[in-house]
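K.L.:
Sequence:
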Amino acid sequence: MLGCSLVVIAAAAIPVVAGAADLDRFSAIKGPIAGTNLADLGAVDANGDGHLDLYTSGHTGRTVLLLGDGRGEFKDVSKAWGLMVDSRIPHLEPAATVAASPPGLHLFFQGEELIVRSSRSDVSYSGRIEFVRPVAFEVDGEMSADGGPTPAGPVATAAKYPLSARIDFTASGPGRLTTRSWFPHHDVRVSLAPDTPLDSVFVGRWATPAYARTMKFALVDRHGLAWSDYDGDGDLDVFVSVGGMVGAAPEDLLDELFVQDGTPLRNEIVASGIAKKKGRARRVEWVDYDGDGRLDLYVGNVSTPNQLWRQDAHGKFANVAGDLGLDVEDGDVFRWIDVDGDADPDLLLAIANGPALLFVNGAGRFTRKQLDDCGTILPNHMSVGDFDADGDLDVFLADSSMNRIFVAEGGGFSCRNATEFGLPARSATANWVDFDNDGQLDIHLIPGSLRRQTADGRFLAAGLEMGNSPTYGRCAWFDYDGDGDRDPFCTVARGRKVTQHFHFRNESKENRGLTVDLVGPPLNRQAIGATLLVSVAGRVRRHMVGEADGAHWSQGHYRIYVGLGAAAGADWLEVTWPDGTRQRLDSPGTDGRSEIRWRRGASPATQPPTSRSLTPRVEKP
2 MLGCSLVVIA AAAIPVVAGA ADLDRFSAIK GPIAGTNLAD LGAVDANGDG
52 HLDLYTSGHT GRTVLLLGDG RGEFKDVSKA WGLMVDSRIP HLEPAATVAA
102 SPPGLHLFFQ GEELIVRSSR SDVSYSGRIE FVRPVAFEVD GEMSADGGPT
152 PAGPVATAAK YPLSARIDFT ASGPGRLTTR SWFPHHDVRV SLAPDTPLDS
202 VFVGRWATPA YARTMKFALV DRHGLAWSDY DGDGDLDVFV SVGGMVGAAP
252 EDLLDELFVQ DGTPLRNEIV ASGIAKKKGR ARRVEWVDYD GDGRLDLYVG
302 NVSTPNQLWR QDAHGKFANV AGDLGLDVED GDVFRWIDVD GDADPDLLLA
352 IANGPALLFV NGAGRFTRKQ LDDCGTILPN HMSVGDFDAD GDLDVFLADS
402 SMNRIFVAEG GGFSCRNATE FGLPARSATA NWVDFDNDGQ LDIHLIPGSL
452 RRQTADGRFL AAGLEMGNSP TYGRCAWFDY DGDGDRDPFC TVARGRKVTQ
502 HFHFRNESKE NRGLTVDLVG PPLNRQAIGA TLLVSVAGRV RRHMVGEADG
552 AHWSQGHYRI YVGLGAAAGA DWLEVTWPDG TRQRLDSPGT DGRSEIRWRR
602 GASPATQPPT SRSLTPRVEK P
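Using the numbering used here, the first residue of the sequence shown is number 2, and each one after it goes up by one.
Since the hints were made in silico from the structure, they are not lab data. The beta carbon of each residue, even a glycine, is placed where N, CA and C say it ideally should be. Just to be clear, a hint being listed does not mean it is correct.
As the list claims (entries may be wrong) - Beta-carbon label-pair distances, calculated as ranges:
1) 495 with 83: 32 to 38 Å
2) 217 with 413: 47 to 53 Å
3) 167 with 83: 30 to 36 Å
Stated by the list, open to error - 27 Å max Cα-Cα, derived BS3-like pairs, lysine-lysine:
4) 31 with 80
5) 510 with 31
6) 317 with 279
7) 217 with 80
8) 278 with 217
9) 370 with 317
10) 279 with 217
11) 76 with 31
Construct the complete structure from the given sequences, taking the supplied hints into account.
P.N.:
This is the structure:
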């Protein structure tokens, strides 16, 4: 539930810890996110202009896309791109605040309530509202309402107010009908009486004039947005994972697949063949699991089996998760990583109150390994990074009960408690980030603050402790202003209380940074699955496309960030593309942003340079 207004976060209101040198690195800025109840938050270059953009999902609230200009400004294009749930009512989604409407009848969602409010005494309004599931309701003022038979069962007996899936209402003067639901609102049907003066009926939080006497309000419970050019036409498309309405979804409820060939985007989910079949979708990732050059889609579900949608040569998808043993239930915390270095993606997955699972990929078939020493209790999020600079990719698991670090060793993992490294025992989210570009991966945790990595591999507090012991957190660390370091845009909450948003500008000055965009073949332009080996001042570290992505359920931040410290540039770079070919670049240039393109017909041997420098570093004032 977001607005497009700007929020100023006062630095004095942010509790921080650490020395003055670290605190001086961050200044609170006027940020583009407002509202409550964010399901997710992430960065992506949605329009392909080289500047990173910001997007959010909000359960049944607004989905927001804010295009960045690379200098720190953002433009809301959510409506123009067709990301509203109903173009006829562009602000139908729930919000914490609702605009005042002209005199008449106003229907709008606020939080978990659908409200019908009449403000005229000279006009009578009447109609019927039908819900997929029974809701509680109450009236006040000159509003009356009658429901159908009260349903039986525990929900009905626990309700304070009458329950019904059908409500007939009449407003003979100023009054209000309030409905309350324990489930996401979906497929609400409103029928107004034939004599209703439609010119004084308004809908949504911005009081949009009603378009008909019979309307359908179909809110969508959006969680993850996975961005990729899956159809190879040069534009970024986005798959949206839709929740299953607490297990009560109708059989025909679908996820969404928005194709970009101009704006607004076009939903092609029906033609794609992807069918939820009541899957309660959360995290989603594009992945070429079988090495055929086409991106497939893995969907992590809650209380229902995960799905792996294999794409064929015609752009159609079929679920093969069951055939491959990947139909894990409650497996919405996962990452695809090349764990054993054979250039195909393996699947690491954490389940509540169980051992972590590693599915080792062998030419598109999987061997399941149970990581018995890697028990997880309440897993939230995985962050990938070569934190110990040994040339392979490690994973931090943020867990509400026991944070773990999966240390890559010999084609697998050994597990360590985060407290062994001086890190908090519990977190809602965590992101590896070299915030000062010194070449050492640091980590930001909520709750828990930013932690700087020391020379001995331990971590010390460095500021940015956000909120009052939050139980929920989302963060996107990305270079929004083009100055070579990553800036945090975060949202936190405690329980169901109002979300707080924190936006900062990173003022680090002493070290240089290199950002790299890998451009893959036509059907995988984002080079999903590629890794980058980087040598800086003789020290070698491995990076992965997507490691910078802090989103919980989404995917789209494909840029790679390399801290150079005092060095002017990297010694050399070596890309391993998803097809196993390699390209090495000696003396790849200075700091700034560079692009490396895949070469058709390359052999597995090392290839000559194919990079170009795109953007110089923007010097800080």
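K.L.:
To test your reading of the hints: which numbers does this structure violate?
P.N.:
Hint 9 is the one this structure does not satisfy, whereas the remaining hints hold.
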